[in-house]
Amino acid sequence: MFHKKRPEDKDEEKEKKKKKGKNEQYVPIPGILGIGDDYHIYTMTVGDRLTGAVLGIGTGVAVGYVFFDSWAAAVILSLILAWKIQAPFREYLRKKRLKKLLLEFKDLLETLTASYSAGQTTAKAFGDAKNEMSELFGEDADIVQELTMIQAGLQHNYNIEDLLLNFAKRCGLEDVESFANVFEVCNRKGGDLKRIVGEARSMINDKIEIEMEIRTMVAASKNELNIMMVMPFLIMISMRGLGESMSGNSFLNLIVKFTALAIFAIAYWIGNKMVQIKL
Numbered sequence: 006m007f008h009k010k011r012p013e014d015k016d017e018e019k020e021k022k023k024k025k026g027k028n029e030q031y032v033p034i035p036g037i038l039g040i041g042d043d044y045h046i047y048t049m050t051v052g053d054r055l056t057g058a059v060l061g062i063g064t065g066v067a068v069g070y071v072f073f074d075s076w077a078a079a080v081i082l083s084l085i086l087a088w089k090i091q092a093p094f095r096e097y098l099r100k101k102r103l104k105k106l107l108l109e110f111k112d113l114l115e116t117l118t119a120s121y122s123a124g125q126t127t128a129k130a131f132g133d134a135k136n137e138m139s140e141l142f143g144e145d146a147d148i149v150q151e152l153t154m155i156q157a158g159l160q161h162n163y164n165i166e167d168l169l170l171n172f173a174k175r176c177g178l179e180d181v182e183s184f185a186n187v188f189e190v191c192n193r194k195g196g197d198l199k200r201i202v203g204e205a206r207s208m209i210n211d212k213i214e215i216e217m218e219i220r221t222m223v224a225a226s227k228n229e230l231n232i233m234m235v236m237p238f239l240i241m242i243s244m245r246g247l248g249e250s251m252s253g254n255s256f257l258n259l260i261v262k263f264t265a266l267a268i269f270a271i272a273y274w275i276g277n278k279m280v281q282i283k284l
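Quick note: the sequence shown uses my numbering, first residue 6, plus one each step.
The set of hints was computed from the structure by calculation and includes no laboratory data. Mixed in with the good hints there might be a few duds.
[Stated by the list, open to error] Each computed SDA-like pair below joins lysine to any residue, with the alpha-carbon atoms no more than 20 angstroms apart: (1) K89 to V66; (2) K89 to G132; (3) K105 to N210; (4) K100 to N162.
Turn these sequences into a full structure, and let the hints steer you where they fit.
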């Protein structure tokens, strides 16, 4: 019932995004009611920026002082990394938000299944789901905000299918898109909504369980990767006891240190790509 996008379709979409990114600026997708977040964009709070800056400063101090034994290098690297880390940290927070939204959406489907099983109408089912999601996740949760907008849209005579499709476009999650597309067809043609919602819930549950199993399998590899990135610092600290010729900042030592840092950075990037398995 739920169809995933073909690999060639995904490649075409990625290519379009690349071309769009080169030629024009991304335009946020608005909500039907003029409100609602576009989850493709993450707006960092002051706390987020400070957290990213602290991570960059910490890394800069560690590299500058441990590798080059220079507070001047530590300060310069800290300032550079505190600025450069903001973009990848923003992307990390965006993906983290989407993962949380998917888990909330799974719980939403469980609530909707129970409501449809009890013979509730669609409007009543989503209203009850909003109240239950508020109790589970709090009023500020993304799924609660989306359900609030869906309720408001229904009160203004918008179709539930259009509201769900708009939510799916703004979040970009394949599972939500699949559910919204099938829900649209089923609702307009009088299909079994209880079965559709139940199948969507089962599919997402299976996907999440598989992802958790994969994370467990690669956990050891991730730990080894993190340990590998700590080892250069431990080696440099131990080398300081071998004399200035081994840990000093002569021209030859600087070349060796920069080369080693580049190799470890590339190795970490490749290793991180290898342990990230997407379904």
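Tested hints:
| no. | hint | result |
| --- | --- | --- |
| 1 | K89 to V66 | holds (15 angstroms) |
| 2 | K89 to G132 | violated (44 angstroms) |
| 3 | K105 to N210 | holds (14 angstroms) |
| 4 | K100 to N162 | violated (33 angstroms) |
Violated hints, in rising order: 2 and 4; the structure is consistent with all others.
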